[in-house]
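Residue numbers (my numbering), protein chains in the order written: chain A, 53 to 322; chain B, -18 to 176.
Hints listed in this document are in silico derivations from the structure and should not be mistaken for laboratory results.
All clues given are correct.
Below, computed lysine to aspartate or glutamate pairings styled on DMTMM-like, alpha-carbon distance capped at 20 Å:
hint, chain 1, residue 1, chain 2, residue 2
1, A, Lys101, B, Glu109
2, A, Lys291, B, Asp32
3, B, Lys43, B, Glu31
4, A, Lys191, A, Glu303
5, A, Lys101, B, Glu27
Listed here are the chains, written in short residue letters.
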Amino acid sequence: MAEHWTEDDLILYFYGEGRRRAEIEQHLHACASCAAAYRAISGTLAMIKTPGVPERGDQYGLEVWQRIRHGLAEPQMPWWMAWMQPQRLAIVAAAAVVLLAAFVAGRVWEHQPAQTPVVARTATPDPSPAASGNPDARKRILLTAVADHLDRSERVLTDIMNASDRRGISSEQVWADDLLQTSRLYRRDAVDAGERSVASILDELERSLLEIVNSPSPISAADLDNIRRRIDAAALLFKVRVMSDELRQREDVTARPAEVLSRPGDRKTS
Amino acid sequence: MEALEVGSAEAALAKARRGDSEAFRELVERHSRSVFRLAFRMTGNEQDAEDVVQESFLRAYKQLGRFESRANFGTWLYRITANCAVDLMRSRQARHDMSRGESLDADVHQPTAEIPGPDRMAHGAEIERTVQGALTGLSPLERAAFTLRHYEGRSIDEIATTLGLGTSAAKHSVFRAVRKLRLALDPLRTVTHNG
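So that you can see chain A by itself, here it is in the shape it has in the complex (with noise of 0.2 Å):
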């Protein structure tokens, strides 16, 4: 055979997978150079040994427990499920009541002779859930916004993180002054909202900002290395992210009743 076998294909052969298998081997009892190249993978990939794994003790579900019990955070559960809740079915039945109570009020009321005339409205009350003080809304809109902001800080970390030794960072400089000052005020409401963990990440980022926005500019190979690691040692983007995407999670979860509820012509005002 004069066509000869690609490193792919001999790759996906030593693992047992590929769809010319038998070609392949006969192949490679006629063709020296195939076989050559087939011995070098294989021989490379056979010195690759699985890894040792330290042993973990009988316990050890039990202390993975208890170092994550207290940061279990509320299920997502689908949103028929949510609903199946006793509190919330006994929200539902309350709010069934007050809808039938205002309906037979109106059937009533629509007997009643008219007393007084008709005023035209002259404005229209904001619909929208911020503006109506709905608490829930207003946790909604604070989750949403601090979302966007933990993207926008990622963003200025991996920056930071990426940044050339020779290079100065102040423009990523103005861009964390910028974030710190928003943070702090999220911080707050965070903490007025009753989302400790949020405002836990977000005093962690502040510290980061901090540190970058206060560092000389240009800044020395030495001390932007400390902020790196400062920024590792926290795993701070690991944390950003995952709090970013738990904050978009909660956001769709906390959307879906609100759909459910509306009128289908409705759905696009959540």
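Given chain A, work out where chain B should sit, using these hints.
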């Protein structure tokens, strides 16, 4: 006995899905060691593996509502763990990118005179260290795909499902990983053969 265990696991899962954290504890205790094993193989570092274990269970608890009861919890958790490990490695990558590149180059272009003799090779310590160095030089996705293929024995299709990739992307991640590892390890192999 096994059926009983499966039954109790299912019951714990059903309760956990309804928000029962005690039931979730049972699942944590049952799966912690396997989660740690995967996390350690993927990150190659005990401390990072512990972080991944913790984050995986926290993420799993939050996402229990999305878990389909017909699916296997262990498989679902495996996927979460693999992705948590990739996320963690990505977060670490930015910091180490430059030094990694340098160390990989150093490994690849290691002068022959500095390569330890066959007696040391026989003990495999040098090889193991070079393997670790080379693995550190892989991108998080390449390392994840390679770990799942080489250490965990997962097929390309399974790797694609686990990491949420297309089959072709999963395959090419493995290929790239193997190519990089060969660059770093082939010189050692030659020395071993010649020695």
